[in-house]
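Undergrad: For reference, the chains in residue letters:
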Amino acid sequence: MGLLDKWKNIKETEVEPGIDHTMYLTLKEERRISRENSRIIKQFEREKNRKNVPEEEYLTQMRDPNNVVEFDNLHTYFFTDVGTVKSVNGVTFDIPQGKVVGVVGESGCGKSVTSLSLMQLVQAPQGQIVAGSIRYQSRDGKCYEITKMPKDRMLKVRGKEIAMIFQEPMTSLNPVFKIGEQMDEVVLLHEEGATPKAARERSLEMLNLVGIADPQKVYNNYPHELSGGMRQRVMIAMALSCTPRLIIADEPTTALDVTIQAQILELLRDVKNKINGSIMLITHDLGVIAEMADYVVVMYAGRIIEKGTVREIFHNPKHPYTIGLMRSKPSGKTKDNRLYSIKGQVPNPINMPNHCYFYNRCDRAIGICAEEYPEMIQFTDTHSAACHLCRNGGFMDTNSTKEQR
Amino acid sequence: MENAYVNNNYNDDILIVRNLKKYYPLSKISIGKKRSYVKAVDDVSFSIKRGTTMGLVGESGCGKTTVGRTILRLHDVTDGQVIFDGMDLAKIPPRKLRKLRPQMQMIFQDPYSSLSPRLPIGEIIGEAVKEHNIVPKSEYRSYILKVMHDCGLQPHYYYRYPHEFSGGQRQRISIARAVALKPKFIICDEPLSALDVSIQAQIINLMKDLQEQYGYTYLFISHDLSVVEYLSDTIGVMYLGSMVEMGEKKQIFDNPMHPYTKALLSAVPVSDPDVKMNRIILKGDIPSPVNPPSGCKFRTRCPYATKVCAEVAPKLKEYESGHKVACHLYSQD
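Line by line, the protein sequences are chains A and B. Under my numbering, the first residue of the first sequence is numbered 1, with each subsequent residue one higher. Under my numbering, the first residue of the second sequence is numbered 1001, with each subsequent residue one higher.
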């Protein structure tokens, strides 16, 4: 019996119905999708590659002048050969001046793509910002529309006014250049009239600021000579060297040990106060969020499902996913023998359902959850969640686990 | 002396590790100069009772993974004893070791690189079952399907390949592969660190259920203290190749004695914005294991280090029943 026969045999007899239909595309369909994609991508790229775009086109007004960045209904899609992945699907939130905004979610929920959209670093040509706007208030008071900003203008913002700290400090430092050269480069590029000597002084000052004991030595080291914690410090120093208004920290401590993580978080909090900047902190660790953030945004499958201040989210979570996340983290206080776990997994990003994305994993889902995607419901000025269960004034009994299905 | 490796004075401890050492030589050629070693594991002793879980915590590079791998003889032992079920694994001849292999299994950290991309799931789980004749040939397939069912895998995954699965599902496959051999003892080397929080909880529950059902003994290696606290009965804390503190879960978490354990526990972020931790922030990084500090290895980062710490290495001493600490802060006599 060939493998295929066996497979057929097993399929007929043992498959439980209604679970996991993996999509298989024929070559013809794949080719059609591919053609369609290249047509769409060409349009976006043509728009992006225009020369001499007048400044008026990307100047705009902020909704609230206290914000540094406003995401407004942002959609970032990836046009792949198997279909369109809606990585970020209508995300709206603000980053106020001098605050830390934490973005939580599972891997693949679009939290990194949101930050990359802000930096105009989405993997082109297949990744494109399709709709929505990202407004950025620059230091001189002007407001820019990042999605329409031409590439050459963006160079002056990226790294200077918005800096980014990546998850893997080893892969984001260039292994063939000394730390000093890489740090000087940032200053030489962005500060007008900076001399190599001034750049060097600035770099040493920054290395000192992030608590490196011997800046002179580290300045002349190669990245592989440093430990993980030190590399992350160098990354932070590099990000700070042009005193940015906003630091995007994309899982800055995930690759580090707990004791080093505590050091780095302390450092981040410290430098934020020193330069009076804002931080967009992306992580999947709720503990880190609770410690660092002022505002929290919870994302699931490309959408925001809940946002609010850190106290609102941690003391009074509304969305079943947020509640599940909190409960599934083990701790010494966990009394039950079994840990609460959210069943199942994130739906396939291609062919997202048009009902609530969390429906098949939610243990409180009701009839309407399978019909339409819930809208954001406001509880307070800052706290809102997208869940049908919260509709009547939002007084959902958070302790009951009714199985209403 | 046929049974030189058989040691009969064991009781309900499934695994006893005595003075385990694993050194890696730094250079192969050593003419005229002293050979230097990386002391990855330096004099570690502990024992695990049947059906319980021991957690092994420590920072990266502290030798916890090497301990796990040396126990299974994936690396040869430099010195010391590993007594598994009354047999000294360090001395056992390779042919006999092979027969013992099904009884001790390992779950690896990265579910993306520990599964062969060229084998379907059924093969991955069943390969070793066939090799060791765990079940008669006629029952083979139903046995694999039963194991898959136990681990929460659908039967129609049997002919699928690893790339079709997400991280959590792959880790289930790894667990199924280990469990299929009916082991007594499973080493879990950071099985959760590559997974999302919501998936982690699923895998933790699965591991607990399997333990309850089949009475496995786990050695759970992790750097995530909250998970270790939830899963383990006893805990060992390692630093730079040596055990600095070990004891019951309650003893370690309620009354940590070693300054390193205290710092480690206080560094864990708490998911409550109103709790302000009295945090002990350790200075600096873990020193290189090639050139460990003299005396107490932790003294370079220890806030309480005194002169004696630089001179004498502290012994691991029992202070409460089962609670051992190696630190000069407590009387060493």
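Mixed in with the good hints there might be a few duds.
Simulated pairs of lysine-lysine, DSS-like, Cα-Cα distance not exceeding 30 Å [stated by the list, open to error]: (1) A/LYS343 - B/LYS1283; (2) B/LYS1283 - A/LYS274; (3) A/LYS329 - B/LYS1208; (4) B/LYS1182 - A/LYS343; (5) A/LYS272 - B/LYS1276; (6) A/LYS274 - B/LYS1307; (7) A/LYS343 - B/LYS1317; (8) A/LYS329 - B/LYS1317; (9) A/LYS178 - B/LYS1283; (10) B/LYS1049 - B/LYS1317; (11) A/LYS329 - B/LYS1049; (12) B/LYS1184 - A/LYS99; (13) B/LYS1317 - A/LYS272.
Taking CB as the label site, the calculated pair distances span [to be verified]: (14) B/LYS1276 - A/ARG338: 27 to 37 Å; (15) A/ASP270 - B/SER1113: 49 to 59 Å; (16) B/LYS1276 - A/ASN66: 20 to 30 Å; (17) A/THR243 - B/GLU1311: 42 to 52 Å; (18) B/LEU1100 - A/SER38: 57 to 67 Å.
Honestly, the hints are just simulated from the structure, not real lab data. No experiment lies behind these values; they were computed from the predicted model shown. C-beta: ideal position from N, C-alpha, C; glycine also.
Undergrad: Checking each numbered hint in turn, tell me which of them this model violates, lowest number first.
TA: Numbers 1, 6, 7, 8, 12, 13 and 15, in rising order.
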